[in-house]
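Visitor: Build out the structure end to end from the sequences listed, making use of the hints.
Here are the chains, one letter per residue:
2 protein chains.
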Amino acid sequence: MENSKKHSKMPKVTILRWGHRPHRDARLTTHVALAARALGASGFILSDIEDESIRATVEKVTRNWGGSFLFEMGTPWKKVVKNWKMNGGIVVHLTAYGENIQTSGVLQRIKESEKEILIIVGSQKVPGEFFLEDFSDFNVAIGNQPHSECASLAVFLDRLFEGEELKRNFDHARMKIIPQKRGKKIIQHL
Amino acid sequence: MENSKKHSKMPKVTILRWGHRPHRDARLTTHVALAARALGASGFILSDIEDESIRATVEKVTRNWGGSFLFEMGTPWKKVVKNWKMNGGIVVHLTAYGENIQTSGVLQRIKESEKEILIIVGSQKVPGEFFLEDFSDFNVAIGNQPHSECASLAVFLDRLFEGEELKRNFDHARMKIIPQKRGKKIIQHL
Chain E
0 MENSKKHSKM
10 PKVTILRWGH
20 RPHRDARLTT
30 HVALAARALG
40 ASGFILSDIE
50 DESIRATVEK
60 VTRNWGGSFL
70 FEMGTPWKKV
80 VKNWKMNGGI
90 VVHLTAYGEN
100 IQTSGVLQRI
110 KESEKEILII
120 VGSQKVPGEF
130 FLEDFSDFNV
140 AIGNQPHSEC
150 ASLAVFLDRL
160 FEGEELKRNF
170 DHARMKIIPQ
180 KRGKKIIQHL
Chain F
0 MENSKKHSKM
10 PKVTILRWGH
20 RPHRDARLTT
30 HVALAARALG
40 ASGFILSDIE
50 DESIRATVEK
60 VTRNWGGSFL
70 FEMGTPWKKV
80 VKNWKMNGGI
90 VVHLTAYGEN
100 IQTSGVLQRI
110 KESEKEILII
120 VGSQKVPGEF
130 FLEDFSDFNV
140 AIGNQPHSEC
150 ASLAVFLDRL
160 FEGEELKRNF
170 DHARMKIIPQ
180 KRGKKIIQHL
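Protein chains in written order, with numbering that gives the first Met the number 0: chain E, 0 to 189; chain F, 0 to 189.
Among these hints, one or two may not hold up.
[What the hints assert, rightly or not] Which chain F residues stay away from chain E? Per the calculated CB distances, all over 12 Å, these:
| hint | residue |
| --- | --- |
| 1 | Pro10 |
| 2 | Arg26 |
| 3 | Ser41 |
| 4 | Asp50 |
| 5 | Arg54 |
| 6 | Trp64 |
| 7 | Glu71 |
| 8 | Gly73 |
| 9 | Thr74 |
| 10 | Lys78 |
| 11 | Glu98 |
| 12 | Glu148 |
| 13 | Glu164 |
[Claimed, not checked] Residues from chain E shown here face chain F by an in silico Cβ test under 8 Å; the list is partial:
| hint | residue |
| --- | --- |
| 14 | Tyr96 |
| 15 | His146 |
| 16 | Ala150 |
| 17 | Arg181 |
None of these hints come from the bench; they were simulated from the model. Beta carbons: idealized from backbone N, C-alpha and C, even for Gly.
Guide: Structure, rendered in structure tokens:
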């Protein structure tokens, strides 16, 4: 059975995690990466720094739970952004200061671009350059309150993919949860 | 100007954070609390344990950014749940094992109950009791993949409130961000 995707509705999305500090941000960065994977992103780039423990965790989840989520680390963020734009993609910067996704037409404009999307999420205060046109095509806020980049990323992806990302099947999964009203049900391929 | 809310559309929601371990979960629990506040919840309960640093952080955000987000800590989770149900509220447990919010009617059933909602989010593996009828009325998964309770909570709230939570005004705010396509704009009341 052929499974064709409407690419104009399911854009390809990569997450760029800026500002990761090993140990200090270990769990949060892991959560950002796993949320990205679970909510439809194709890959994750840990910019400027290498962190083997994060990579090991994320790749283990991919190995067990399936799919082809790409993990990259160490690349300088400016290089990532420059290459992305050179290849015709757009850059979305998630920030509390950006256009409110609920009250502006920013998401519609992003969808209409029909381009591959690089989403930049920072862990702490980001360089001012992130807001500039040379770097970000769109600055998007999930409400204009300080909260969590993990929460913001999740809501952004869920809205971008219109919930369809939660229906997708992960190829070559060794483990799969069967949803239950009560209790836990897992299928394991050994 | 009178501002009336349709309570059947904007249920009152409290978050119960189970399994918090001081230091280890400091940032993640803070993110969960701030995401809850930013995405429409009325309050947050840190169960079973006290953590002054979390409370200080969350209450500072509320003081600066406005609104009336309640923070409680130390209460045993069983007591919270018991009282909640006794007062006629429902309990939603967010878990990767639950009914998939996208493919089941679970969210609709939750909305139709028209009751106050206690959302339980755990930090690690939760007790089996959380899945039982005595404790949770609904077990809900934001996709059936392992990812982040912060991401799950955010998507759940955004869907529950249908995005309206991102339009709300926070009373008595000392600081307020004015959304921008580029740059940062804040209004501060001193």
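Visitor: Confirm or reject: Ser41 of chain F is not an interface residue toward chain E, with every Cβ-Cβ distance exceeding 12 Å.
Guide: It holds; Ser41 of chain F is separated from chain E by about 15 Å at its closest Cβ, greater than 12 Å.
Visitor: Taking the closest pair, is the beta carbon of Gly73 of chain F still more than 12 Å from chain E?
Guide: holds, 23 Å
Visitor: Would the stated hint for Ala150 of chain E survive a check requiring a Cβ distance to chain F of less than 8 Å?
Guide: holds, 4 Å
Visitor: Does the interface hint hold: is His146 of chain E within less than 8 Å of chain F, judged Cβ to Cβ?
Guide: holds, 4 Å
Visitor: Are all beta-carbon distances from Arg54 of chain F to chain E longer than 12 Å?
Guide: holds, 17 Å
Visitor: If we take the beta carbon of Pro10 of chain F, is the closest beta carbon in chain E still more than 12 Å away?
Guide: Pro10 of chain F clear of chain E: closest Cβ-Cβ about 18 Å, beyond 12 Å.
Visitor: Closest CB-CB distance from Thr74 of chain F to chain E, is it above 12 Å?
Guide: holds, 23 Å
Visitor: If I take the minimum Cβ distance from Glu164 of chain F to any residue of chain E, is it greater than 12 Å?
Guide: violated, 7 Å
Visitor: Is the claim that Glu148 of chain F lies outside the interface with chain E correct, judged by CB distances over 12 Å?
Guide: violated, 8 Å
Visitor: Please check whether the beta-carbon of Asp50 of chain F is more than 12 Å away from every beta-carbon in chain E.
Guide: Per Cβ check, Asp50 of chain F is outside 12 Å of chain E; nearest 16 Å; holds.
Visitor: Answer holds if the nearest beta-carbon of chain F is closer than 8 Å to that of Tyr96 of chain E; otherwise answer violated.
Guide: Tyr96 of chain E check passes; min Cβ-Cβ to chain F is 4 Å, inside 8 Å.
Visitor: Check the non-interface label on Arg26 of chain F: least C-beta distance to chain E beyond 12 Å or not.
Guide: violated, 6 Å
Checked against the numbered hints listed earlier, the structure breaks hints 2, 6, 11, 12 and 13; every other hint is satisfied.
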